[in-house]
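Enquirer: Each chain is listed here by its residues.
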Amino acid sequence: MIATIGFYIFAVILLISAAMVVSARNPVHSVLFLILAFFNAAALFLIAGAEFLAMILVIVYVGAVAVLFMFVVMMLDVNFAEMREGLQRYAPVGGAVGLVLLAELAFVLGGWQFHPEAAALRLSPTPTNLSNTAALGNILYTRYIFLFQAAGLILLVAMIGAIVLTLRDRRTVRRQSIARQVARQRSETLAMVEVSIGASVAEIGVLTPLPEAEPEVEAAHAAAHGAGHGEHADMPHTVPHGAEGH
Amino acid sequence: MGGFFSTVAGQIILTFLEALALIVPLLIAVAYLTYAERKVLAAVQLRKGPNVVGVFGLMQPFADALKMIFKETVIPAGSNRVLFILAPMITFGLAVLAWAVIPVNNGWAIADINVGILYLFAISSLGVYGIIIAGWASNSKYAFLGALRSAAQMVSYEVSIGFVMVSVLLCVGSLNLNDIVLAQRNVWFCVPLFPMFIVFFISALAETNRAPFDLPEGESEIVAGFFVEYSAMAFALFFLGEYANMILMSALTTILFLGGWLSPLPFAPFTWLPGPIWFIIKILICLFVFLWVRATFPRYRYDQLMRLGWKVFLPLSLGWLVLTAAVLMATGWLPHAA
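Protein chains in written order, with the numbering used here: chain Y, 1 to 246; chain F, 1 to 338.
One chain only, chain F, in its complex shape (with noise of 0.2 Å):
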C-alpha cells in the first residue's frame, strides 16, 4: 500500500481518488439541496412541494437534471461566444475547486496548505467574475445590469467578511483550517464573537447573492438578472454553482465559529458520532437557516443593501477587530504564531 502511494504517480492517482471522493457526496449534496429548498419553502408555505417523481418526491432532482440536459442551449447571436460559455464554468469550477482545502475532520483535507483561509477568501472573491463575464458576454441590458449589480454587492460583503476572518486568525493565530477547528476544542468562536458570527452568516447570505440580497438576479425588475440568456445545462450551471456556494460557506461558517468536525461536548454521549457526521450535522443546520431566511425576508431594496454593507456591518466588524486585538493584548491570550 505504502510502497506504491508514494511514487509520483501513485501520489497523483491517489489525490485524484481523494478528489473523487470529496466532489461526488458534494455533487449529490446539491442535487438534494435543491430538493430540499422546495421541501422547505412548501412547508413553510403550508403547500406539499415535489412529491410526484419517486417516493416524497425524491427523484426530482434527477428529474430536473435529465430536463436541463435534453433542453436545446442557445447562444445569442450578438453575445461574445468564449466568455458566454466560459463564464457558467467559472462560476461551477471554482465553487468546487475551494472544497480542496476544506478539513472534514482532523486532518482530512485534500491540501492542508498553511494559508487554507487565505486561500478561501481569494476562491470566494473570484465568484464575482463568472456573474460579471456572464453579465457582460449576454449582450443583454438586464444581464448586464445584473452583473453590475452583484459585483457592487459581492465587492462590499467581501470586506467585512475578510475583518470577520481576521478576528478569527487573531484568536487562533494561524491561517490552516485544521489549526482554526483544533483552536476551538474549549469554547466554539460563535460564544466570544458572537456579533462577528452573525455578521459572518448575513455576509455569506449576501456573498452567494441568496434571499434576501438576490438582486442580482431580482426577476421582478431584471427578469432574471445575469443569467437570463442562459438555457440548458449553461444554466444549470450556474444554479448549481449558488448551491455549491451555499454549502460552501455553510461549511466555512462551521469551520470559523462552530467547531468544525468538533463535537459540542467533548465527552461520552457527543463523541460517539464521528467527526465528519458532526461536520456534516452543522453544515446542515446553517442551509436549513439559508432556505428559513428566503422564505422569511422580503428582497432588500438596493441601497438599503448598500448601506448595510459599509455603513453597519463595515464598522461593526472593523470595531469588533480592534475590540478583539485588545482584549487578546490585555490579557495576554494573543497565541504566538509557531
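Only chain Y is shown next, with the shape it has when bound in the complex (with noise of 0.2 Å):
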C-alpha cells in the first residue's frame, strides 16, 4: 500500500523532473533536475528492494558524474538568448530524428517477447537465501566475470582516449619533484661563510643570491671556501660569480 503510493510520488517527480532537465532555460537548474532524476530513480530501486543499485545510483551518478557536470556547466560563459535563436531553424530536423528513435522504440516494444523460461525467472529476481548485494556479486564477479572485465577494458581505453586527447606539455608550467626537494643536500644550498669582525654586509657577500648546485658554481665554491676569513682582498670577487650562476 505505502510502497504503491510511493511509486507513484516518486514515478511522477522523476518524469516531470526529466522533463525540466530539458526545458529549463538555465543549465545549472537543469543539472540540479538531473540529480532531482536521479534522487527519484534511486528511491524507486528502494522500493523495487534493489537497495544495493540504489545507493550505487546516488554515489556514482549523484555524487561524483553530476558534480562534474555542474563543474563544467557553472564554468560555461552561455548567452541563452543567442541559444534559443536557432530553435525555430533546428526544430524540424530534431523532430525528424526523435521521429525516428520513436519509431525504433515503437518496433523493439511490438516485437518484444519472453522467452517463457525467463518469464518464469523474472518472478523471483534474487535468491532468496542471499542479500541482494551479495547476488549482485555472484553475477558479476563470478559468472559473467570476462565480460565485466572487458566492460572495464572498454572504458579503461576510453578514459586514455580522453586523456590523450587533451594533456598537452606546457613549458610555461612550473613544476614541483618532490623527490628532488627531499633528496637536496645541505651542501648544494647553504655556503657557510666566516665572517670578520667589523666587515660590512656588502664585503663579506651574505647578500649575494645562492648559487644554482652546478660544478663550476661548486668550483666558486671551494674558491669561495678555500679564501679564508682575513683575506678581504678575495672576497669581492665572489660576489660576480655567485651572480653568474644564476
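You may find that some hints are simply not true.
Unchecked claim - Residues from chain F that face chain Y, not an exhaustive set, calculated with beta carbons under 10 Å: (1) L126; (2) A236; (3) Q304.
Since the hints were made in silico from the structure, they are not lab data. Being a predicted model, the structure only gives us computed values, none of them experimental. Note that CB positions come from ideal geometry on N, CA and C, so glycine has one too.
Dock chain one against chain two, each of which comes alone in its own frame, and use the hints as you go.
Expert: Written out as C-alpha cells, the structure is:
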C-alpha cells in the first residue's frame, strides 16, 4: 500500500524532473533537476528491493558524475538568448530524429517477447537465501567475470583516449619535484661564510643569491671557502661569480 | 507498550522519538565542539580562550548562537535566491541525515540497513553540493573559486575513502555497520589495516574541509571561500554543518577502525563502562586529533593537495586493497557473506 503510493509519487516526480532537465532555461537548473531525477530513480530501486543499486546510483551518478557536470556547466559562459535563436531553424531536424527514435522504440516494443523460462525467472529475481548485494556480486564477478572485465577494458580505453586528447606538455608550467627537494643536500644550498668582526655586509658577500648546484658554481664555492677569513681582497671576487651562476 | 508501538502510527512516532533522542545530543555536541575547538586552540597557543560567558566560558556557544540568530540575513541582489537559501540547508541537513544509520551500541541504530556503509558514503559524497551550490548561487568570484576548489578536493579524496572502505568491507563480508563493528571483537581494524587507518583519517580531514586542507575557505587568499556572501543563520548553518560533519567522520573512523562501541579489552575493568560511553570516548579522541591537527599544521598548497590525493593516497589505498584481498584469499580468512 505505502509502497504503491510511494512508487507513484517518485515516478511522477522523476518524469517531471526529467522533462525539466531539457526544458529548464538555466543549464545549472537542468543539472539540479537531473540530480532530482537520479534521486527519484534511486527511491524506485529501493521500493523494488534493490538497495545496493539505489546506493550505487546515488554514489556514482549524483556524487561523482553530476558533480563534474555541474563543475563544467557552472563555468560555461552561455548566452541563453543566442541559444534560443536557432530553435525554429533546427526544430524540424530535431523533430525528425526524435520521430525515427520513437518509431524504433515502437518496433522494439512491438516485437518484444519473453522466453517462457525468462518470464519464470522474473518472478524470483533474487535468490531468497542471499542478500541482494551478494547476489549481484555472484552474477557480476563469478558468472560473468570475463564480460565484466571486457567492459572495464573498454572504459579504460575511453579514459586513455580522453587523456591523450587533452594532455599537452606546457613548458610554462612550473612543476614541483618532491623527490628532488627531499634529496637535496646541504652542501648544494648552503655556503658557510666566515664573518670577520667589523666587516660590512657587502664585503662579506652574504647578500648574493644562492648559487645553483652546478659544477662550475661548486668551484666558485670552493674558491669562496678557500679564501679564508681575513683575506678581504678575495671577497669581492666571489660576488660576481655567484651572480653569474644564476 | 508493545501494542501501540507495533502499529503503523506507533512506528512512526517511535522513529520520530528515536531521531529526536539522537539529534538533540548531536546538536549540543556540535555547539560544544565549537567551544572545545576554541579552548584547544587556545591551549596550544598558550592563551585562555573563551572564559567570560558563564563558568569557564561554557555558555559561549549559546551566546554565539543568539548573536547569529539576531543578525540580519543579507541576500545579495545578484544571487540566485532559491539556491542561495537552499545551499546551507543541504549542508546541514546532510550532516544530520547521515546519523540515521550510525550504531551507537549493538543494534542501536535508527535504521539498521543492509547497505549502511554505502548509505554513509552516498551522503558524504553529496556534501559537496551544499558548497558548490552556495558558491554558484552567491554570484561572487571568491565564493565561486572556493566552490570549485572544494568540488575538486572532495571528489578527489572520496576515491581513496572508497577504497579504504572496500578493504574494510573485504575483512567483514558485510555492508552493515553493526556487522562491521562486531567483526572487530578480536582485533580492531586499525591494527591489521594501520596504513588504511591513517589514509582514512587524513582523507576525512580533506573531506570535511578542515585544516590543513581548508583551501575552500582559505581566508587569506579568497576571503572566506564559498560562504563569503552568507550572514546570520545561513552562515551559522554552514558552520554547524562543518562541525556535524567532523563528528560524523570521527564516528565513521570509530566504527570502521576503532571497534565502535566495543571496549578496548573484553574483560572486567573495561566492560564496566557501557558501549555508548566507549563509542563517545572514541569519537572525542578522534575529534581532539582533528583540532590538534588544525593547531599544528600549516595549510597545504593546492597542487600539493591534489598530488597527495591522486598520486599518493590513491595508489596506496588501491595497492593495500589488492594486498588485503590477496592475504585473505591465501589464508582462507575471506568471510563469506550470508
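Enquirer: Each hint should be assessed against the structure and marked as holding or not.
Expert: Hints and how they fare:
Interface restraint check for L126(F): the shortest CB-CB distance to chain Y comes to about 6 Å, inside 10 Å, so the restraint holds. Checking A236(F) against chain Y: minimum C-beta separation of about 24 Å lies over 10 Å; hint violated. Interface hint at Q304(F): satisfied, since its Cβ lies 7 Å from the closest Cβ of chain Y, which is below the 10 Å cut-off.
Hint check: a violation occurs at hint 2 only; the rest are consistent with the structure.
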